[in-house]
Every structure is written in C-alpha cells, then in structure tokens.
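Each residue of the sequence shown is one higher than the last, beginning at 450 in my numbering.
Heads up, some of the hints might be wrong.
[Unchecked claim] Just the calculated beta-carbon pair ranges, DEER-fashion:
#1 Asn-504 / Pro-592: 23 to 29 Å
#2 Ala-541 / Lys-615: 58 to 64 Å
#3 Arg-614 / Thr-575: 55 to 61 Å
#4 Val-546 / Pro-592: 21 to 27 Å
Hints were generated in silico from the structure; no laboratory data involved.
It should be emphasised that the depicted structure is a prediction, and the values quoted were computed from it without experimental measurement.
Where is the CB? At the ideal position from N, CA and C, for every residue including glycine.
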Amino acid sequence: MRKGMLALCLIVLISASAISSMAASEQSIEISDDDNHVKYQKFEIGDPWNITLRNATTGVIAYQFSGTIGMESTELAGNNWFVYFSCVSPGALKHGVLRLLVRGTYDVYANGTHSGLLIEETGTITVLTEDDEDEDCGRPIPPVPELNTIILTSAGIFGILLISRKYRRN
Numbered sequence: 450m451r452k453g454m455l456a457l458c459l460i461v462l463i464s465a466s467a468i469s470s471m472a473a474s475e476q477s478i479e480i481s482d483d484d485n486h487v488k489y490q491k492f493e494i495g496d497p498w499n500i501t502l503r504n505a506t507t508g509v510i511a512y513q514f515s516g517t518i519g520m521e522s523t524e525l526a527g528n529n530w531f532v533y534f535s536c537v538s539p540g541a542l543k544h545g546v547l548r549l550l551v552r553g554t555y556d557v558y559a560n561g562t563h564s565g566l567l568i569e570e571t572g573t574i575t576v577l578t579e580d581d582e583d584e585d586c587g588r589p590i591p592p593v594p595e596l597n598t599i600i601l602t603s604a605g606i607f608g609i610l611l612i613s614r615k616y617r618r619n
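All chains should be modelled from the sequences, with the hints used to inform the complete structure.
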C-alpha cells in the first residue's frame with residue numbers, strides 16, 4: 450500500500466513538472482537584429498514585460514523599458530506583440546510600442562511573465578549606424594517654439610518698429 454502511494458505521489462509530481470515545463474515552452478521571446486524589435490510570442494494582454502539595453506562597447510545600462518502586453522491601446526497580432534526600436538509603419542504600431550534609441554549596438558535582455566512563469570531571452574540589436582541607407586529614420590523631431598516665445602518675440606519686434614517710427618518722424 451505504501452509503495453502504491455509513493456508511486457502515485459511520484460507520478461503526480463512528474464506530471465505537474467511536465468505540465469509546467471510545457472506551459473513555459475509555449476511562450477517565447479525573439480530578439481531580431483535585422484528588424485530591430487523584440488517579439489513576445491503567445492503572451493496575453495496584461496502580461497508584464499521588461500527590456501534592458503546595455504551599450505555593447507562599455508556594458509553600461511543605456512535604456513530600461515517595461516510595461517504590460519497590450520499597453521497604449523495596442524492589440525496582439527495573432528499571438529505576437531512587439532517592442533520596436535527603429536522606424537516602422539504606422540500600421541505596425543497597433544501591435545506594439547515604439548521606443549527610439551540613439552544609434553549604436555546594444556546587448557539586450559528581455560523578459561516577460563505569463564501565469565507566474567518568467568521567460569527570458571538575450572541578444573544584440575544594432576540601431577541605425579552611419580552606414581544605413583535611411584539616415585532620417587529615427588532622428589528626433591526638431592523642437593517647435595512655444596506659443597509664449599512667439600508672442601514675446603513678436604511683441605519685441607513690434608515695439609522696436611514703433612520706437613523706430615517715432616524717431617523717424619522727429
């Protein structure tokens with residue numbers, strides 16, 4: 450009887466570990482250097498994610514991003530969700546988020562949690578070096594002057610014109 454109970458407990462433990470390892474293998478993370486993105490596969494909306502990028506030359510942490518799958522009103526593309534690091538079409542952004550980086554090569558550590566299981570992946574991403582064809586892609590948008598600055602500058606110019614006109618009449 451004891452041997453039977455022991456065998457049953459052993460079978461239950463083996464089955465439970467096999468089920469949890471099968472569940473862990475369904476979700477995966479893919480880091481693509483060619484497309485400059487991290488793809489979270491078979492995660493669900495609301496699952497947390499984290500990405501750390503280190504400068505490949507110095508090893509210093511350059512960026513850290515985190516959030517949840519489906520954040521910023523995005524949706525899954527089939528079973529996939531993306532974090533992009535360079536130019537993408539506007540349509541692609543409904544299936545992920547865009548985080549622009551300074552040009553360079555980064556060592557990437559990405560993880561995600563699904564049903565309490567941590568899935569991790571490492572890789573390398575090179576973002577828009579000087580030799581890339583599309584140099585405008587990823588450049589920051591130049592700042593636009595604030596309305597107060599425009600009003601103040603216009604008032605100054607108008608004041609100078611009024612004063613110069615007054616001295617011209619005299």
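Verification of the supplied hints:
Separation of Asn-504 from Pro-592 is about 26 Å and conforms to the stated range, judged on CB atoms against 23 to 29 Å. Separation of Ala-541 from Lys-615 is about 60 Å and conforms to the stated range, judged on CB atoms against 58 to 64 Å. The beta-carbon spacing between Arg-614 and Thr-575, approximately 59 Å, falls within the hinted interval of 55 to 61 Å. Our hint of 21 to 27 Å for Val-546 and Pro-592 holds, since their Cβ atoms are close to 23 Å apart.
Every hint, counting from the list given before, is met by this structure.
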